[in-house]
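Number of protein chains: 2
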Amino acid sequence: MTAIQRVKIRDVVVERLKKYITAGCLKPGDRLPNETELAEQFGVSRLSLREATKALELFGIVESKTGVGLTVGTVCLERVTEHLGFHPALQNGSHQELLDTRVVVEIGALPYTAKRMAEDPTVYENLCKRVDDFRQTRDLQKWIELDIAFHRALLDASGLAPLVAFNDLLQIFFQRFRDSLKKADWLPGIEAHQRIIDALHNQNVALATEELRQHIEYHKGRMGVPV
Amino acid sequence: MTAIQRVKIRDVVVERLKKYITAGCLKPGDRLPNETELAEQFGVSRLSLREATKALELFGIVESKTGVGLTVGTVCLERVTEHLGFHPALQNGSHQELLDTRVVVEIGALPYTAKRMAEDPTVYENLCKRVDDFRQTRDLQKWIELDIAFHRALLDASGLAPLVAFNDLLQIFFQRFRDSLKKADWLPGIEAHQRIIDALHNQNVALATEELRQHIEYHKGRMGVPV
DNA sequence: AGATATACATTATCAGACAATCAGAATGAG
DNA sequence: CTCATTCTGATTGTCTGATAATGTATATCT
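Chains A and B, in that order, are what the protein sequence lines are. The C-terminal residue of the first sequence carries number 1371 in the numbering used here, and the numbering is unbroken. The C-terminal residue of the second sequence carries number 1371 in the numbering used here, and the numbering is unbroken.
No wet-lab data here; the hints were simulated from the structure. Errors might be hidden in some of the hints.
If chains are identical, the list can't say which one is meant, so a pair holds when it fits in one copy or spans any two.
Stated by the list, open to error - Below are the EDC-like pairs computed for lysine to aspartate or glutamate, each with C-alpha atoms no more than 20 Å apart in a straight line:
1) Lys1259 - Glu1361
2) Lys1209 - Asp1276
3) Lys1163 - Glu1222
4) Lys1152 - Glu1179
5) Lys1364 - Asp1300
6) Lys1163 - Asp1323
7) Lys1162 - Asp1291
8) Lys1162 - Glu1226
9) Lys1152 - Glu1226
10) Lys1364 - Glu1222
11) Lys1152 - Glu1184
12) Lys1259 - Glu1269
13) Lys1273 - Asp1291
14) Lys1326 - Glu1289
15) Lys1209 - Asp1323
16) Lys1171 - Asp1323
17) Lys1162 - Asp1312
18) Lys1209 - Asp1155
19) Lys1286 - Glu1159
20) Lys1259 - Glu1354
21) Lys1326 - Glu1222
22) Lys1326 - Asp1277
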C-alpha cells in the first residue's frame, strides 16, 4: 500500500500563503488581500482560508485585525517558544542527536566569535559580566535563565544571526531537562563558562572548543534517559 | 490609553486546550474528546474550537484524523523549522552570514559523517552514486537540484536530523543565487564533491573540512553582491 | 474462521448570515 | 481654517446548520 494521505486543503493554503509572501517579497507590515479575495484566488472557501491564516497567525507569520485586514507579521521566536514550551508533546529526535547538534552549532561559531572578540573588546567584557551575574545568583530558576542567556550571547557574539535563531529553537527542546537539574550540577558550569571566553580572548580557539565540548557533554549523563 | 485588545475566542481556546493537555498529563497518542464535545465543554462554537485545534495542529501539538478524532501529537523540530523561513534572522541575514552559517553547519557535521561512514559502507556508496549522477548530467536545472541533494545527503549521513532540517531552511535562501550561476561554475564542484567524500572515506576529517570550506567559499565571489 | 459489506462516529469542507471593530471620509462647531 | 465628532464602508470574528469524506468497528456471509 502506498502511504497516500489525503492532502488537507488548509495545508495547501498554508503553503500557498507562504509562497504568496515570499514571491511578492512582502515585508512585515505589508497588507494582504482580504479573506474573501484570497479565498477566491486560491479557489477555496473563506473558512478553509481562515483555518490557514489562523494557524499561521499563531506563529506570527501573519497578523489579522478586525476591520483592518491581514498583514504580514514578524515572526518572533518567543511566541513560538511560548506555545511549544509546555511540556507534554515534545519528544523529537533522541537527546543525543539534539546534544550533538548543539555541539556542532556552538563550536562551529567559536572561530567567528574569536575573530569578533579581537576586533571589539566589549564583546569579551559583556560575556564576562554575564559570568559574574552567574556567580552572584543563588536562585535555581535564575540560573537556568542565565545559562540559556550565556550560551545565546556566546553565539550572538559570532555575528551569525541565523545560528542564534536556530539555537533558540533548539533550546525549546532542552527546557525540560534543565528543569530536572540540581543546583550542584550547575556549579562546575560557571567556571567552565569563564574558561571558554578566556580561551577565546586569548585567541585560543582550540582550547575554547575543547572546553565547550566538555561543558555541553557534561550534562549528557545528567539529562533524562536517552530514547 | 490602556492598550486593551479584544481577547479572541480562539486564543482562549488554544490556552484551554494546552491546559487540558497538561492538566491531564496527556502523552502523545492519547485521545482527546471530539470537536463537538470539546466545544460544548469550553462553551464555544465548534468553529472556534476548530480554528484553535487547526492552529495547534500546524505545530504538531495535536493531530486530527478524519473519522478518528483528535489526539495529542508530537512536536518535532523539523515541522517547526519548516514553517519558520520567515524569521527575520534568515531574511535579513547578509549573504556572507548565510554562507558562514552553512560552513558552520556542514563542516560541523563532518566528524559525525566520518564516524557513520566507518560503521556503514553503504553511506559512502550512496554518496558516490550521487556524484556519478552529477557527472552524467548536462542540464543546468538538474545540476542545481543534484547539488542541493548532495549537500543534503552529506548532512543526512551525519545522522543529525535537526541539522538537516535547518539546512533545508537555509537552502531556500540560496535558491536564487544558484540560479544565477553559469554552467562553467559548476564543473569544479563535481570533483570537489568527490574529494570531500573520499577524504571522509579515508577518515581524514581535516582534509574533508578544508575541501568543503573551499567548495562553499568558491561560490562566494560568484554569488550576487553582498549586502 | 476469515473475508466482505454495512453502519456509525468523526473530521473536512462548504454556504450564508450577523455582530464587532477599525480607518478614513464627511460633517459640524469654534 | 482647524479640530473634534459622527457616519459609513470595509474587514475580520463568530455563529448555525448542512453535506461529504474518512476510518473504525460491527455484523454478515461464505
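Hint by hint, which ones does the structure fall short of?
The structure breaks hints 2, 5, 7, 10, 15, 19, 21; every other hint is satisfied.
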